[in-house]
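Protein chains: 6
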Amino acid sequence: MKSDTTAFLTLVEAALAEDIGRGDITSEAVIPADAEMKGFIHAREPLVACGVAHAAQVFYQVDPGISCISHAVDGISVAAGGPLLEIAGNARSILLAERTALNLLARMCGIATLTRRYVEAVGGTQARICDTRKTPAMHRATDKHAVVTGGGCNHRMRLDDGILIKDNHIAIAGGVSEAVKRARDSASHLMRVSVECDTLEQVKEALEAGADVLLLDNMTPDMLSEAVKFASGRALTEASGGVTLENVRTIAETGVHYISVGALTHSVRAADIGLDAYVE
Amino acid sequence: MKSDTTAFLTLVEAALAEDIGRGDITSEAVIPADAEMKGFIHAREPLVACGVAHAAQVFYQVDPGISCISHAVDGISVAAGGPLLEIAGNARSILLAERTALNLLARMCGIATLTRRYVEAVGGTQARICDTRKTPAMHRATDKHAVVTGGGCNHRMRLDDGILIKDNHIAIAGGVSEAVKRARDSASHLMRVSVECDTLEQVKEALEAGADVLLLDNMTPDMLSEAVKFASGRALTEASGGVTLENVRTIAETGVHYISVGALTHSVRAADIGLDAYVE
Amino acid sequence: MKSDTTAFLTLVEAALAEDIGRGDITSEAVIPADAEMKGFIHAREPLVACGVAHAAQVFYQVDPGISCISHAVDGISVAAGGPLLEIAGNARSILLAERTALNLLARMCGIATLTRRYVEAVGGTQARICDTRKTPAMHRATDKHAVVTGGGCNHRMRLDDGILIKDNHIAIAGGVSEAVKRARDSASHLMRVSVECDTLEQVKEALEAGADVLLLDNMTPDMLSEAVKFASGRALTEASGGVTLENVRTIAETGVHYISVGALTHSVRAADIGLDAYVE
Amino acid sequence: MKSDTTAFLTLVEAALAEDIGRGDITSEAVIPADAEMKGFIHAREPLVACGVAHAAQVFYQVDPGISCISHAVDGISVAAGGPLLEIAGNARSILLAERTALNLLARMCGIATLTRRYVEAVGGTQARICDTRKTPAMHRATDKHAVVTGGGCNHRMRLDDGILIKDNHIAIAGGVSEAVKRARDSASHLMRVSVECDTLEQVKEALEAGADVLLLDNMTPDMLSEAVKFASGRALTEASGGVTLENVRTIAETGVHYISVGALTHSVRAADIGLDAYVE
Amino acid sequence: MKSDTTAFLTLVEAALAEDIGRGDITSEAVIPADAEMKGFIHAREPLVACGVAHAAQVFYQVDPGISCISHAVDGISVAAGGPLLEIAGNARSILLAERTALNLLARMCGIATLTRRYVEAVGGTQARICDTRKTPAMHRATDKHAVVTGGGCNHRMRLDDGILIKDNHIAIAGGVSEAVKRARDSASHLMRVSVECDTLEQVKEALEAGADVLLLDNMTPDMLSEAVKFASGRALTEASGGVTLENVRTIAETGVHYISVGALTHSVRAADIGLDAYVE
Amino acid sequence: MKSDTTAFLTLVEAALAEDIGRGDITSEAVIPADAEMKGFIHAREPLVACGVAHAAQVFYQVDPGISCISHAVDGISVAAGGPLLEIAGNARSILLAERTALNLLARMCGIATLTRRYVEAVGGTQARICDTRKTPAMHRATDKHAVVTGGGCNHRMRLDDGILIKDNHIAIAGGVSEAVKRARDSASHLMRVSVECDTLEQVKEALEAGADVLLLDNMTPDMLSEAVKFASGRALTEASGGVTLENVRTIAETGVHYISVGALTHSVRAADIGLDAYVE
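Protein chains in written order, with the numbering used here: chain A, -8 to 271; chain B, -8 to 271; chain C, -8 to 271; chain D, -8 to 271; chain E, -8 to 271; chain F, -8 to 271.
Quick caveat, the hints were computed from the structure, so don't treat them as lab data. The model shown is predicted, which means the values in this text are computed figures rather than measured ones. Please note that a few of the clues may not be correct.
[To be verified] Using 30 angstroms as the maximum straight-line C-alpha spacing, the simulated DSS-like pairs for lysine-lysine come out as follows:
1) A/K220 x C/K29
2) C/K172 x D/K195
3) C/K29 x D/K195
4) B/K172 x A/K29
5) E/K172 x E/K157
6) C/K195 x D/K195
7) E/K29 x F/K29
8) E/K195 x E/K172
9) B/K29 x A/K195
10) D/K157 x C/K29
11) F/K29 x E/K195
12) F/K172 x D/K220
13) F/K172 x E/K172
14) A/K29 x B/K29
15) E/K157 x F/K195
16) B/K172 x A/K125
[Said to hold, decoys possible] Distance windows between CB atoms, simulated:
17) A/D54 x D/P55: 15 to 23 angstroms
18) B/E77 x A/D54: 48 to 56 angstroms
19) A/G114 x E/T(-3): 41 to 49 angstroms
20) C/E77 x F/P23: 50 to 58 angstroms
21) C/S61 x B/E77: 31 to 39 angstroms
22) D/T(-3) x A/T(-4): 16 to 24 angstroms
23) B/D213 x A/R260: 25 to 33 angstroms
[As the list claims (entries may be wrong)] Over 10 angstroms on every C-beta distance to chain E, these chain B residues come out as not near it, computed from the model:
24) A24
25) H62
26) G73
27) A79
28) G115
29) K125
30) G142
31) D152
32) G153
33) G166
34) S179
35) E192
36) V204
37) E229
38) H248
Ideal placement from N, C-alpha and C gives every residue a C-beta, glycine not left out.
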């Protein structure tokens, strides 16, 4: 997992540079260079923990002398007031890293917590909750990690790791059959071909053309059920569009294999957490 | 503004790389290299436009041959169905840029729209709505731009462009007076000194020590009114902590100069927008 | 195709820096700054042209004032003495770019020419010639482009765009069935699962476990025929290991869908080309 | 040697990124994160070892926890089946680095082995075998290191570390004498001036103009002998153009000091090596 | 202080690359790879030490095996012949780093020494000696550190950490009042507003407009005294322009708070230091 | 000269980033975004112009819309008050670039002016004035360009473009003869071998060992004359150490070919120049 790790270290470095500029002029003026401090990052509301190790890395990158003890592994439920991360070390260094670490951790916990609610809502069905590519710039990896932490699964990480023929592709290619045929001819033989379908006619056409996966977009539960029936044994099915906590179970009960939810990452509510520090 | 521009171009480049990897294997398989397309990015709900030029830049960076016509300057209110950006050019290029551009634009419109609601809520008072440093990594500049677009103003961009003595600084320094004194002694003579106060005692101590700005954290409206009275003519005042659309007007009516709201950027709901493309 | 283009520009920039250092001290001493020259890059042996546009880009990156006229599109056969690229412009600039451009072009023509011979050798069978990941550092994209130019097709570009379970994966997972099962469970639903098989037992086990593609490694033609029979209608087949121009047709006639050849890129013979310049 | 080392680390980092992308999705799916493995990289044909330490560095850069034991220092002859590098550590990490390490090592051994054959072919003469600048992008340093390992010596590393007046320089300058004069006037007084000569007339002119080194290009053995005689005691001599294992000794026996061979690096045959892993 | 440290490490890396290129070809030819050496960097004239730790970092960055013992902390006065830094380790590595380390150290000592003379010249007055932004590219941080070491204080580090309205701003804005008003309206409430004044009229206008700091440019001592009187209790004062060691005390005695001196960094005389090495 | 140009553009970009940070907060507050201005950079003392085109590049890099007209080519003498560069364009952009451009130009003019004085001091002798590697980090190229502009010539640009055996090399190698021999054996045959000599005995030993260039360090004029006599017709000679404007002619009259002067670049006095702007 070298490259993901490298990418994360680079993101942290860039985020710190973005937040710090040439230095924390307040701490440099007010806090002695050798002052020490300790503290806990606490949950201030119930949440699914995610990113504690990532936050620890932020502190470490600022100053390898900061010691961090994790109190919550990814995926564990934490009550309001529960500890997430214990921190001790040079005071200037801790305060330098604080905001960057909290921003990251609050977002990741927020995503994992929301994903968990979706996953619980479809409990007992075969459906799996997926994310999308609707992530803020540079947050693809950490946002998607938080989805997995919450019990969801990941859709494409990037445009190069899956073939997904969407409405515009179909329109330009001149139809579902032609689009699927082109994909099958020129794409790598190691990849499946998935197609977005808006109607049952497209579902049938896609199946006949040999599609491996059907992305059923903005269909009613009845249409979904029908499409699932057609596809049975021939292709995987995935529902998308307008999914909410209210309607997700109904969608799941149509029998689709996957349900993708953009809001998991494009409309995050940061979890309420804070660094409670104390000076000895 | 060169450096901000440069930073944005770099962010777009990184975001595209993150989303694309080595290429859009679907479009390369399905769409002829020379196919053209046109389309509009529309608002799908009422919103305050923000970032249309930023989104256009994404398309331009992918392919300078794409032509973009902006239909909404920053800050304008757009009704559901209203156009934001018109796009025409090479089909593969447009689809390559689509997700990155939409992610950015949806977030910026979301922030501007929410900020506008806060600003309207305090209309007629002297209070100005501020953001915080609670932004996802690499989004500091665009998030803060969206806050200004919505009518808010910016707090510190980074740790190096303002002196803000917070609770931990005070604890380590051994009190408000000592902290303010140290800041005044060693910081640049071109900067003011601001101090976070949790109690009225701290307010008095800070004023006596010569603080220029008071950050009144988590105070009740009554406490805020009292603090504002003490500070009158001697220091600027700013309220923070637990601010919502419901309570922001009450806070504003205490007479504080600034109200900072973390949720503007840490809990964004992406505006509902989409690219409606058509093939001629 | 932005990102591939960007990667190529970056490679050219790095290659020029590697070859030039701080400048061409000979030309700076001997040739006036404003001297002009013209020239042709010619084939000095029969070859399949590949990379002429890439070479032109090298000249352009050194000096946008150099004009290049391509005389050979990718994939065309050129006789000994035939022209590939015509160049005119500042003499110092042309000489500065010459070696980097020729190194690249000679390699790409060499790969395309050799690939063409393999493709011709299996003419009339269903088998397609594939490359491997055995490319020198930083040449993955251009080497694989040359393979396609020669009529071959590309295997994985990187470790992240295909699932290929090899002998070591099987050994560590504890068998073909278990390895395929794990891949099917946790990998993206947009990808096929391919497995390397060294024996016919493994072929059967892989098919039962639901593998989508079988990589038949170092099998005799008889074994290949047998494996192809088993897999018929259930999985794609690919032969690899010890493939030469002498035995490739026999392998193709076993009915495998793909034949991968490492030597296409790991043992390249540069095509014999040269820049014949003249001063007017 | 810091900067060469730094350049190599950067190349390895880039090569790994090129091969891995965002991760090895096969290993992540199939192999437990904490699985360990061991293995040997063996020679599968007789070769001159070169680059074993470089390959070890690739493993180390992926994961500093991988332990590597070298079994073959640069320049040693290894029989078919002989061990080159012993590796132990995390299985995912080893498989992540495998292809990049093997690609590099196979190329370096291939170059060193071929160079050794040329050096042996001129054994007992005064002639030294040189490389050229005909190396794939980013392989200048490792390719040239392999030439030295095989017993050859290096010509210019880059355009900035030697003055070599070639045919085009002469044509533009208006003759050998003028070109040599210009080089002598403006180049650093710490450098020699070398000139490419195609005829014996040019040899004489170059010597009269005070050239320090003559590059005798595409001359017959008789011409070479003549040129060596003229230059004796006045300039060093070097033969180039069309050198093969068949004719190199005849060339050496003309008395030239250096013979440069482009094929050493532009037409490499990768040595046959492989990683034989075993699970305990 | 992470980011300053990071910036320094990057500068050292770039400086080494600039000085070394692909390697020290002399040492590689003449000195065995494992030769060791020891040495002292000595002052060859009386100076104020500054940058010894920076120089040590250069050696460390070339080779972490080099051991450095500092003999002079920043700010201490060293007599001619006194030791600054003791060095021991690999001979090639030490010679590789030598020039870069000496260039940096000689400059920093030169600046600190000159600053000390200015500070001593105003001893007993309230005036503090400041630097300017007149530093060679990439030396802002180290030059300003040397000024502090010599007893001076720092003016703006960059254009983004202070508001300083200069003559051109005033001309374009249409007067001092308007310029100050605009700055007060749109700049961060955490910053003071400073204004350059060339005349006493401007001083009065600036004070009335609410400026916090007055930069008194090229005024005679009499004018300075007058301006200081006007500003008393209302704004800080700073003198600049044509300051020399001869006139600085007279200026200080006018009562200004700050005196800024461009020559501290734009016209540095490198301190005379050298590496005296010995071989055991 | 691509790479030097590239390096300069990179330096300017870094210098601007260093000076600007996230933007010029003063101009953004005070000057309208579309305000225009014009101005001249004037000499405020007699100087040798150098770097006017470099300064223009700084303005151009900030904003390609700024127009610059050069009034002084490199090497021309300019009287006090004479124009160097005329600038017109967006006011914010010009002020953003001003300090970076002036810092660079003042330094380059300063170096060229001082070099000219040294060159004039040795007028009529055969001696040429050389620089050294004593340049601030990242200024090697521009400082050395200024030396050439002033009439001097360049010594090594970097450690990799010349062989110069110094005292420490000799001590470690065990003597002048051994050091020269090693250099001759392993260094490129395209380079000369130069040796630092402190005594006449070393001069003789170096000549016998076949050195091509003698660096005569800290010798008296009498010793220099003697050394020149010995070396006549066998090696080039260069004097270094303690060279001043007072003693340089005496040194030149000993007959040495080169005289190197560290102060040309390590103790620069910035030329007095300024941007005189006017608003229309």
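Hints and how they fare:
Using a Cα cut-off of 30 angstroms, the hinted pair A/K220 and C/K29 is violated, with the two alpha carbons roughly 68 angstroms apart. The suggested pairing of C/K172 with D/K195 is violated, with an alpha-carbon distance near 76 angstroms, which exceeds 30 angstroms. Restraint check: the Cα-Cα separation between C/K29 and D/K195 comes to about 28 angstroms, which is no more than 30 angstroms; the hinted pair holds. Our distance criterion of 30 angstroms between C-alpha atoms is met by B/K172 and A/K29, whose separation comes to about 24 angstroms.
Note on E/K172 and E/K157: the hinted pairing holds, with a Cα-Cα distance of about 14 angstroms set against a maximum of 30 angstroms. The hinted pair formed by C/K195 and D/K195 fails the criterion: a straight-line CA distance of about 75 angstroms is larger than 30 angstroms. For the suggested pair E/K29 and F/K29, the alpha carbons sit about 57 angstroms apart, so the restraint of at most 30 angstroms is broken. The straight-line distance between the Cα atoms of E/K195 and E/K172 is roughly 15 angstroms, inside the 30 angstroms bound, and the hint therefore holds.
Between B/K29 and A/K195 the alpha-carbon distance is near 28 angstroms, which keeps this suggested pair within the 30 angstroms criterion. At roughly 16 angstroms between alpha-carbon atoms, D/K157 and C/K29 fall within 30 angstroms of each other, so this suggested pair holds. This hinted pair checks out: F/K29 and E/K195 have alpha carbons roughly 28 angstroms apart, not beyond 30 angstroms. Note on F/K172 and D/K220: the hinted pairing holds, with a Cα-Cα distance of about 25 angstroms set against a maximum of 30 angstroms.
With a C-alpha separation of about 74 angstroms, the suggested pairing of F/K172 with E/K172 is violated against the 30 angstroms cut-off. A threshold of 30 angstroms between alpha carbons decides the hint, and for A/K29 with B/K29 the separation of about 57 angstroms lies outside it, so the pair is violated. For the suggested pair E/K157 and F/K195, the alpha carbons sit about 63 angstroms apart, so the restraint of at most 30 angstroms is broken. With a C-alpha separation of about 48 angstroms, the suggested pairing of B/K172 with A/K125 is violated against the 30 angstroms cut-off.
Taken as a hint, the range 15 to 23 angstroms holds for the pair A/D54 and D/P55, whose Cβ atoms sit roughly 21 angstroms apart. One distance hint, 48 to 56 angstroms for the beta-carbon pair B/E77 and A/D54, holds here, with the actual separation near 50 angstroms. A beta carbon spacing of about 48 angstroms between A/G114 and E/T(-3) agrees with the range 41 to 49 angstroms that was offered as a hint. Between C/E77 and F/P23 the beta carbons are some 51 angstroms apart, a value that agrees with the proposed interval 50 to 58 angstroms.
At about 35 angstroms, the beta-carbon gap between C/S61 and B/E77 stays in the expected band of 31 to 39 angstroms. Distance hint for D/T(-3) and A/T(-4): a CB-CB separation of about 21 angstroms, consistent with the stated range 16 to 24 angstroms. One distance hint, 25 to 33 angstroms for the beta-carbon pair B/D213 and A/R260, holds here, with the actual separation near 30 angstroms. Interface exclusion of B/A24 from chain E stands, the closest Cβ pair being 40 angstroms apart, more than 10 angstroms.
Annotated as non-interface, B/H62 keeps its C-beta farther than 10 angstroms from every C-beta of chain E; the closest such distance is 28 angstroms. Interface exclusion of B/G73 from chain E stands, the closest Cβ pair being 30 angstroms apart, more than 10 angstroms. At the 10 angstroms boundary, the C-beta of B/A79 stays outside the reach of chain E, the nearest C-beta of that chain being 37 angstroms off. With a closest Cβ-Cβ approach of about 19 angstroms to chain E, B/G115 is found to remain outside the 10 angstroms limit, as its non-interface label requires.
In this structure B/K125 is separated from chain E by more than 10 angstroms, as the shortest Cβ-Cβ distance comes to about 17 angstroms. For B/G142, the non-interface assignment is confirmed: its Cβ lies about 14 angstroms from the closest Cβ of chain E, beyond the 10 angstroms cut-off. Not every beta carbon of chain E lies more than 10 angstroms from that of B/D152, the smallest distance being close to 6 angstroms; the non-interface claim is violated. Not every beta carbon of chain E lies more than 10 angstroms from that of B/G153, the smallest distance being close to 3 angstroms; the non-interface claim is violated.
Every CB of chain E lies more than 10 angstroms from the CB of B/G166, the least distance being 22 angstroms, so the non-interface label holds. For B/S179, the shortest C-beta to C-beta distance to chain E comes to about 6 angstroms, within the 10 angstroms cut-off, and the non-interface label is violated. Chain E leaves B/E192 outside its interface by the beta-carbon criterion, the shortest separation being 23 angstroms against a cut-off of 10 angstroms. For B/V204, the condition that its CB be more than 10 angstroms from all CB atoms of chain E is violated, with the nearest at approximately 6 angstroms.
Here B/E229 does not stay apart from chain E, with its beta-carbon only about 8 angstroms from theirs, under the 10 angstroms limit. Not every Cβ of chain E is farther than 10 angstroms from the Cβ of B/H248; the closest lies at roughly 7 angstroms, contradicting the non-interface assignment.
In summary, the structure is inconsistent with hints 1, 2, 6, 7, 13, 14, 15, 16, 31, 32, 34, 36, 37, 38 from the numbered list given earlier, while agreeing with the others.
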